[in-house]
Each structure stands twice: as structure tokens, then as C-alpha cells.
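Student: Throw the hints in and build the complete structure from the sequences for me.
The numbering of the sequence shown is this note's numbering, which starts it at 1 and goes up by one.
Check the hints yourself; a few may be wrong.
In the DSS-like style, the derived pairs of lysine-lysine whose C-alpha atoms are separated by at most 25 angstroms in a straight line are [stated by the list, open to error]:
#	residue 1	residue 2
1	LYS13	LYS62
2	LYS13	LYS228
3	LYS203	LYS184
4	LYS13	LYS47
5	LYS228	LYS203
6	LYS184	LYS228
By construction, these hints were calculated from the structure, which means they are not laboratory data.
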Amino acid sequence: MTDKNLTVAERLKSQFDNLTRAERQLAACILENYPASGLGTITTLGKRADVSTPTVARMVQKLDFSGFPDFQAALRLEIEAKISDPITKRETWSEKAPTGHILNRFTDAVISNISQSLGQLDTETFDRTCALVANIDQRVFVVGGRITRALAEYMFLHLQVIRPDVTHIQSISNAWPHYLLDVKENDIVIVFDIRRYETSTLKLAEIASEKGAKIILFTDQWGSPVSKFATYSFTNQIAVPSAWDSSVTNLLLLEIMIAEIQERIWPNTRTRMENLEDMFDRTRFFRKFT
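Tutor: So this is what it looks like as C-alpha cells:
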């Protein structure tokens, strides 16, 4: 039974792993402009989330509400409490902007995304993934898509310093097959793939999996099709009030992961960093102000 004292958002977070793909899509829609987004008719909410009315009804019951009216009653109580709380009314992320300003709405959405994503993160999966990538006996390949290539390159640049044998697979579809020629059993392929999921990325993961590689996937709350080939998957909230999805939660997670991997093999990493700094000094790549 669900704790009746939990907010609707907290119930969604606690039940997230038990939701179907369509229900997760609905949950994301509700949380995007929470709690007001859950008001209106059940049909309106279904259309906004692009799911069926029965999907809305089923998810509401999974949250331990008797029905949609009970679900909305809980939301209205949350709104009333929020409006009546003078501290909540006073505190905004940007004090010089009104509560409804994009600075505050966007920040609220990002903070909510981080909270939900970390709240549903399995620490054992995180630890196993870090241990896998920290194993310098296994080679690592990193790949992203049209937008997520920036995340892939960011991770590659750090891992390249932390450990040897790291390769950045260029996301151009006619180039990545050349990289897969060298992928062997037990190699690690880190994939970034969020909606709109890319067909070439799916095919890359499929072939890498057939070659015996272990796939680590960073994706969104709806889950990339690559997940069926993944050894470990990390689903992060990405919806914000914008035509573009947010990369903040995926970036946060990969930065935490980079920090943990570095610590696991610090003696090795320290030597590599010292050698790299020596080369920087010899080439005068960076200016020094001493």
C-alpha cells in the first residue's frame, strides 16, 4: 500500500519502475508542470500526454487512488497548500523575476528532473557500472547521437585521461562500422540515446552486442530501444518547458560516474595526469600566470 501522506509526485517516483512505457510518458507529462498539469479532464490529460484514457485510469490506480477524481482531489490539496504557504510564495530561484518567469519555471523543472532521476537510480547498478568502466583490462568505446554526441565527447575526454584504451566513436552513420571492426567480447560500449531515438545508434548497439560487448546506456524516462541490448541502463528525466530536451540530468550522472571511476583507479589516473601535465608544459599548450 502507498503511504497516504506522500504527494502525487512522490507516489509517481516510488512507483516509477512499475509503470509501463505509456504510463511513464504520462508521468513525465504530469511532472512537467506539476501539480497544475494533472487538472482538467481525464481525456484532456490523456491527449496532452499522447496516451489513452484507460492508461490514465490504470496509472492512477497504481498510485493507490480510488479513481481519477480522488487523484485530482490530492492535487488540489497540494495546490492550496502551495498557494497558502508564504515562504513558498516568496522563494524563487531568481528573486528579480516573477515566479512564472522562464528562469524559475525552467529551473524548477531541472531540479525536479534531478530529484526524480536520482530518486529512482539503483545504487548497485551505478556501482557495478563504475567498476566495469574502471577495469583497465577492458577497452571502452563511447558514442552519442545528433544532440548527445556532446555528452559522449565530454565523457570520452575525461575517460581518456583517467584510463587507457578509450575510443570515441564518431556518430556519423557511415563511419561507425569502421570502429566496430575492433570491438571484441567484453569490451564496453557507452551509448547516449534520447528521444528522437536514432536508428543508426540502435543498429550499432545491436552489432556490438552480437560481438559480445557490454552496453552501458544513458537515456531518458521513456527508454531508448537500445535498452534491450544494454547490460546497464540509466533512465533520466529530460522534459523541460522548452522545444529542446534538457541534458542536465544525464550530464550530472556522467560527472558523478567520472568522479567515482577516477577514485577507483586513482594511482593509475594520477600517473596519467602527471604525464599529461608534463606534455602540456613542454608544448606550452596552456598559459601559466606564475
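Student: Determine for every hint whether it applies to the structure shown.
Tutor: Hints, verified against the model:
1. With a CA separation close to 12 angstroms, the supplied pair LYS13 and LYS62 stays within the 25 angstroms bound.
2. The hinted pair formed by LYS13 and LYS228 meets the criterion: a straight-line CA distance of about 23 angstroms does not exceed 25 angstroms.
3. Of the pairs offered as hints, the one joining LYS203 and LYS184 holds, with about 16 angstroms between alpha carbons and a cut-off of 25 angstroms not exceeded.
4. Of the supplied pair hints, the one linking LYS13 and LYS47 holds, its CA atoms being roughly 22 angstroms apart against a limit of 25 angstroms.
5. For the hint linking LYS228 to LYS203, the alpha-carbon distance of about 12 angstroms falls within 25 angstroms, and the restraint holds.
6. The straight-line distance between the Cα atoms of LYS184 and LYS228 is roughly 19 angstroms, inside the 25 angstroms bound, and the hint therefore holds.
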